[in-house]
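Taken in order, these protein sequences are the chains called A and B. Here the numbering used here is used: the first residue of the first sequence is 1, the next is one more, and so on. Here the numbering used here is used: the first residue of the second sequence is 1, the next is one more, and so on.
If you are wondering where the hints come from, they were derived from the structure by calculation, not from laboratory data. Hints are not guaranteed to be accurate.
[Claimed, not checked] The calculated DSSO-like cross-link candidates involving lysine-lysine, where the alpha carbons are at most 30 Å apart (straight line), are: (1) A:Lys80 with B:Lys296; (2) A:Lys80 with B:Lys107; (3) B:Lys107 with B:Lys40; (4) B:Lys40 with B:Lys121; (5) A:Lys80 with B:Lys293; (6) B:Lys295 with A:Lys80; (7) A:Lys121 with B:Lys295.
Below, each chain spelled out in residue letters.
2 protein chains.
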Amino acid sequence: MLTFDLNATCGDARAGVIHTDHGDIQTPIFMPVGTAGTVKAVHQHELREEIGAQIILGNTYHLYLRPGCDILRQARGLHKFNAWERPILTDSGGFQVFSLAENRKIKEEGCTFRSHIDGSKHLFTPENVMEIQRIIGADIMMAFDECAPGDSDHRYAQKSMELTHRWLDRCIKRFNETEPLYGHHQALFPIVQGCQYEDLRKISAEYIASKEPEGCAIGGLAVGEPTEVMYQMIEVVNAILPKDRPRYLMGVGTPQNLLEAIERGVDMFDCVMPTRNGRNGLLFTAEGTINIKNKKWETCFEPIYKDYTLAYLHHLIRAEEILGLQICSIINLRFYLWLVGEARRHIIAGDYAAWKASILPNLGRRL
Amino acid sequence: MLTFDLNATCGDARAGVIHTDHGDIQTPIFMPVGTAGTVKAVHQHELREEIGAQIILGNTYHLYLRPGCDILRQARGLHKFNAWERPILTDSGGFQVFSLAENRKIKEEGCTFRSHIDGSKHLFTPENVMEIQRIIGADIMMAFDECAPGDSDHRYAQKSMELTHRWLDRCIKRFNETEPLYGHHQALFPIVQGCQYEDLRKISAEYIASKEPEGCAIGGLAVGEPTEVMYQMIEVVNAILPKDRPRYLMGVGTPQNLLEAIERGVDMFDCVMPTRNGRNGLLFTAEGTINIKNKKWETCFEPIYKDYTLAYLHHLIRAEEILGLQICSIINLRFYLWLVGEARRHIIAGDYAAWKASILPNLGRRL
Numbered sequence: 001m002l003t004f005d006l007n008a009t010c011g012d013a014r015a016g017v018i019h020t021d022h023g024d025i026q027t028p029i030f031m032p033v034g035t036a037g038t039v040k041a042v043h044q045h046e047l048r049e050e051i052g053a054q055i056i057l058g059n060t061y062h063l064y065l066r067p068g069c070d071i072l073r074q075a076r077g078l079h080k081f082n083a084w085e086r087p088i089l090t091d092s093g094g095f096q097v098f099s100l101a102e103n104r105k106i107k108e109e110g111c112t113f114r115s116h117i118d119g120s121k122h123l124f125t126p127e128n129v130m131e132i133q134r135i136i137g138a139d140i141m142m143a144f145d146e147c148a149p150g151d152s153d154h155r156y157a158q159k160s161m162e163l164t165h166r167w168l169d170r171c172i173k174r175f176n177e178t179e180p181l182y183g184h185h186q187a188l189f190p191i192v193q194g195c196q197y198e199d200l201r202k203i204s205a206e207y208i209a210s211k212e213p214e215g216c217a218i219g220g221l222a223v224g225e226p227t228e229v230m231y232q233m234i235e236v237v238n239a240i241l242p243k244d245r246p247r248y249l250m251g252v253g254t255p256q257n258l259l260e261a262i263e264r265g266v267d268m269f270d271c272v273m274p275t276r277n278g279r280n281g282l283l284f285t286a287e288g289t290i291n292i293k294n295k296k297w298e299t300c301f302e303p304i305y306k307d308y309t310l311a312y313l314h315h316l317i318r319a320e321e322i323l324g325l326q327i328c329s330i331i332n333l334r335f336y337l338w339l340v341g342e343a344r345r346h347i348i349a350g351d352y353a354a355w356k357a358s359i360l361p362n363l364g365r366r367l
Numbered sequence: 001m002l003t004f005d006l007n008a009t010c011g012d013a014r015a016g017v018i019h020t021d022h023g024d025i026q027t028p029i030f031m032p033v034g035t036a037g038t039v040k041a042v043h044q045h046e047l048r049e050e051i052g053a054q055i056i057l058g059n060t061y062h063l064y065l066r067p068g069c070d071i072l073r074q075a076r077g078l079h080k081f082n083a084w085e086r087p088i089l090t091d092s093g094g095f096q097v098f099s100l101a102e103n104r105k106i107k108e109e110g111c112t113f114r115s116h117i118d119g120s121k122h123l124f125t126p127e128n129v130m131e132i133q134r135i136i137g138a139d140i141m142m143a144f145d146e147c148a149p150g151d152s153d154h155r156y157a158q159k160s161m162e163l164t165h166r167w168l169d170r171c172i173k174r175f176n177e178t179e180p181l182y183g184h185h186q187a188l189f190p191i192v193q194g195c196q197y198e199d200l201r202k203i204s205a206e207y208i209a210s211k212e213p214e215g216c217a218i219g220g221l222a223v224g225e226p227t228e229v230m231y232q233m234i235e236v237v238n239a240i241l242p243k244d245r246p247r248y249l250m251g252v253g254t255p256q257n258l259l260e261a262i263e264r265g266v267d268m269f270d271c272v273m274p275t276r277n278g279r280n281g282l283l284f285t286a287e288g289t290i291n292i293k294n295k296k297w298e299t300c301f302e303p304i305y306k307d308y309t310l311a312y313l314h315h316l317i318r319a320e321e322i323l324g325l326q327i328c329s330i331i332n333l334r335f336y337l338w339l340v341g342e343a344r345r346h347i348i349a350g351d352y353a354a355w356k357a358s359i360l361p362n363l364g365r366r367l
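Okay, chain A solo, but in the shape it has when bound:
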């Protein structure tokens, strides 16, 4: 069983521990995205020792296409394949099918699509997505959902949410019919949808809560809607989701987003922002953001990570050197993990809101 201990609350903000067979996760937590079985440009030992990552993500869509299920099964799962022995969460592949794949067609049965790699034709269904995640061996599996476009009208949003709910039932059925393949427990998290419609979000949260899941996810946010709408949806949903289970806000977001969502009772986050922005030379720090390509850093010989200076990092990114991508990725992930660690500390200390108010102006500053 995946279990969740709530250590402290501060308003709606929560500090807890998720227990998995691959170890504990102290929440709130940020999960670095390891799309194809690797957090881009970062070694596994750097994730553990430099960044303090407690859990990483894998993308079912990518892993299914490459290396593929045969190889992952022969490797006895992703943990063994990529030598990451801490917890892993996999998404359901739904989001990537909608954002990356070609010729996708959504039907009641599931979703057909063509691979963005070689154009080959595939079908994801709630059932086979459960089976794929069994093969990957993630500690936390996600239900197969449709992530409707952010600007969907109410009619489409409702239709899509209802499909997601029917798919959830099929996911749960297949999940219960199958066993973990490698001897460790796997949890299934359903996903709340409903776009930016409060009534739909409530219906969806109630539906998800009624399944008594080991944890709950909130999907379909940060897809273009105003930030305040996202926060409002989180509040609506978290008022309904069970308090004794971890809550995962999918694909979010900026450091500010994390702190606001933590204040509203979210426990888990993932986002490509620290790594993707890092590879573009955008650094997150406790004092603000740095565009390392700016000429102002050219002669700033202050160290930013190990003995590497801002001037050196400016040079590396300007020269498109791989080491620049490596260093920026580590810096940003370290910062994200530091931020959620600080959030946890202040929830436990009981001064989360004051701390958040004090750090927010810094986070938005451009250095």
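Put chain B on the given structure of chain A with help from the hints.
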């Protein structure tokens, strides 16, 4: 002063120690190439701790163009700029001007060229190349030479060699007129040229030896000539170069090339092969070479570096993941440093030729 202690010889093979102000270098040694102030895809601490690099290269051409002399001077040299406190050798920029730059024109004065980055026009002369290397602060500076094409006829080869000798005199003059900028000693190594003509190589080696340099380099080899011709040229040259100074064979080569050249009295090597081939998924190991892209490695779950398996590395390189480039680069550099370390050990043990004969068949094997 850069000094050189010869610890042992085994036939013509030599085991020694080069003493520099940034530390000792045990020879024979391979020097990873850090073109633009970074060994591509490898952290400095990995060079030190995982790879055992004792000295790295910087390319004057690249560093001059980016970050440029102003910034390097403000950083107080490349060691401080890239946080590498062990020895650094810089080439003279000549080779890159001839291989990378556009619109190059060789004149008695020097060489004009256009930057491969932005097309800007520049002039390298023996004098300013000394000044640039003073600013970079390399422990070992190289004389400015013309690296003539491998298929040059005797007439051109002689003309080019004589120009290189005149340039050497100008290099030495400017070198002697200038001081190190950062308080550590810098040595100047002249370069033997002469293409594949024994008579020219002899003349050039004698000219270089007459300058009583702190170390000598052999340039213009491994540029397309048969391997046996290269070995023959090394023998001709090393019979003349001073025995009490280190000898550096520039830009060479395969593991087999290294062992043959060591047997013929070479002490120092550099080559992009381990890093460049590594980024293409070609691995060097003591049992032979591996093309990690081959399907045969797809399900080979043997670890190759840390806990990373061949199957995982196959996946990373196939998926064009940055981590794959990082791991392959480390594996190959580790192997090159291991190989020269073993060579040193066997020179000291007195069984170099036998060891070389035993390992050579492995090195040529494709796994």
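Evaluated hints:
1. Distance restraint check for A:Lys80 and B:Lys296: the Cα-Cα separation of roughly 19 Å lies within the 30 Å cut-off, and the hinted pair is therefore satisfied.
2. For a cut-off of 30 Å, the pair hint linking A:Lys80 to B:Lys107 is broken: about 60 Å separates their Cα positions.
3. For a cut-off of 30 Å, the pair hint linking B:Lys107 to B:Lys40 is broken: about 33 Å separates their Cα positions.
4. A distance of roughly 27 Å separates the Cα atoms of B:Lys40 and B:Lys121; the hinted pair therefore holds under the 30 Å criterion.
5. The suggested pairing of A:Lys80 with B:Lys293 holds, with an alpha-carbon distance near 20 Å, which does not exceed 30 Å.
6. Between the alpha carbons of B:Lys295 and A:Lys80 the distance comes to roughly 19 Å, so the proposed pair stays at or under 30 Å and holds.
7. Proximity of A:Lys121 to B:Lys295 is assessed by CA-CA distance (about 22 Å); at most 30 Å being required, the pair is judged to hold.
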